[in-house]
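2 protein chains.
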Amino acid sequence: MSNNNLIKGSLQTIILKLLEENERMYGYEITQRVKELTAGEIKITEGALYPALHKLEAEGLLSTEIQQVDNRVRKYYSLTKDGQKEVHSKMSELQSFVENLQRIINPGLKPDFSL
Amino acid sequence: MSNNNLIKGSLQTIILKLLEENERMYGYEITQRVKELTAGEIKITEGALYPALHKLEAEGLLSTEIQQVDNRVRKYYSLTKDGQKEVHSKMSELQSFVENLQRIINPGLKPDFSL
DNA sequence: ACTATATGCATAAGAAACTGATGTATGAAA
DNA sequence: TTTCATACATCAGTTTCTTATGCATATAGT
Chain A
1 MSNNNLIKGS LQTIILKLLE ENERMYGYEI TQRVKELTAG EIKITEGALY
51 PALHKLEAEG LLSTEIQQVD NRVRKYYSLT KDGQKEVHSK MSELQSFVEN
101 LQRIINPGLK PDFSL
Chain B
1 MSNNNLIKGS LQTIILKLLE ENERMYGYEI TQRVKELTAG EIKITEGALY
51 PALHKLEAEG LLSTEIQQVD NRVRKYYSLT KDGQKEVHSK MSELQSFVEN
101 LQRIINPGLK PDFSL
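Chains A and B are the protein sequences, given in the same order.
Start counting the first sequence at 1; every next residue gets the next number (UniProt numbering).
Start counting the second sequence at 1; every next residue gets the next number (UniProt numbering).
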């Protein structure tokens with residue numbers, strides 16, 4: 001996607017949600033999953049992803065587990081209990097944000113949406 | 001809203017869209033309109049709004065017109081021709097961003113959405 | 001008289017979250 | 001041997017916000 005600056009603020013939510021669905025993932029896998037799910041339109045850069053993962057870990061929302069695969073090191077991330085709670089919180093924030101966005105942007109809107 | 005950091009990147013779009021619907025607005029009016037449309041959940045702060053307006057004006061997307069109302073100065077903003085084009089561009093960016101967000105976040109999603 | 005609130009503009013320090021470049025390392029393909 | 005893919009990471013710089021502050025007018029409350 002040409003202008004990706006809308007990601008700001010939603011990257012953490014994306015990470016947490018993917019980890020809720022996938023149990024455990026490593027960084028590179030996350031970038032590939034997002035690219036795949038969005039047909040290449042959203043590309044999570046490493047410079048954004050890794051600091052975000054480290055921060056979530058520092059906040060106690062993610063735990064890590066290093067693993068060796070084919071002479072390559074992988075750092076797997078999983079949700080902690082706090083992380084599992086936070087997913088729902090972040091998701092409802094995102095949902096209400098999108099609703100509010102629709103209220104601002106859609107002049108005559110029926111209360112219909114679905115994130 | 002408690003965590004407003006999702007706004008990042010969408011403020012310009014909001015401003016442009018409101019001006020497309022309202023022909024001309026002044027800064028304070030924009031903050032009030034957004035607050036009203038979102039039942040107080042999104043509050044555009046002045047520290048975010050005014051720099052954003054100035055930037056859009058510097059980019060040639062908005063034009064201004066000072067007006068005196070009740071001994072108070074108002075600075076009205078309107079879309080320029082470039083601004084009118086940019087609204088559509090920004091809106092389709094926003095729409096595809098939300099679509100992509102849904103693809104990432106909603107596991108089994110029907111291609112149904114509406115921003 | 002004083003204070004708070006509303007209207008209306010604006011700037012500025014600091015924080016947060018990015019981009020884009022760079023670095024290390026392994027391995028396969030061209 | 002150069003590029004690409006996999007896999008981690010850091011860092012300078014930029015953008016975009018928050019929070020505080022400032023100026024100015026007017027009304028309402030205490």
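To be clear, the hints were calculated from the coordinates, so they are not data collected in a lab.
Any given hint might turn out to be false.
Unchecked claim - Which stretches of chain B does chain A cover? Using the computed rule of at least three CB atoms under 8 Å from a CB of chain A, they are:
{"id": "1", "segment": "12-21"}
{"id": "2", "segment": "46-54"}
{"id": "3", "segment": "70-81"}
{"id": "4", "segment": "97-107"}
Claimed, not checked - Using 25 Å as the maximum straight-line C-alpha spacing, the simulated BS3-like pairs for lysine-lysine come out as follows:
{"id": "5", "chain 1": "A", "residue 1": "K35", "chain 2": "B", "residue 2": "K8"}
{"id": "6", "chain 1": "A", "residue 1": "K35", "chain 2": "A", "residue 2": "K55"}
{"id": "7", "chain 1": "A", "residue 1": "K8", "chain 2": "B", "residue 2": "K85"}
{"id": "8", "chain 1": "A", "residue 1": "K85", "chain 2": "A", "residue 2": "K75"}
{"id": "9", "chain 1": "B", "residue 1": "K8", "chain 2": "A", "residue 2": "K8"}
{"id": "10", "chain 1": "A", "residue 1": "K55", "chain 2": "A", "residue 2": "K81"}
{"id": "11", "chain 1": "A", "residue 1": "K55", "chain 2": "B", "residue 2": "K8"}
Glycine residues also receive a C-beta, built at the ideal position from the N, C-alpha and C atoms.
| field | Earlier hints that do not hold, by number | value | Per hint list: 2, 3 violated.
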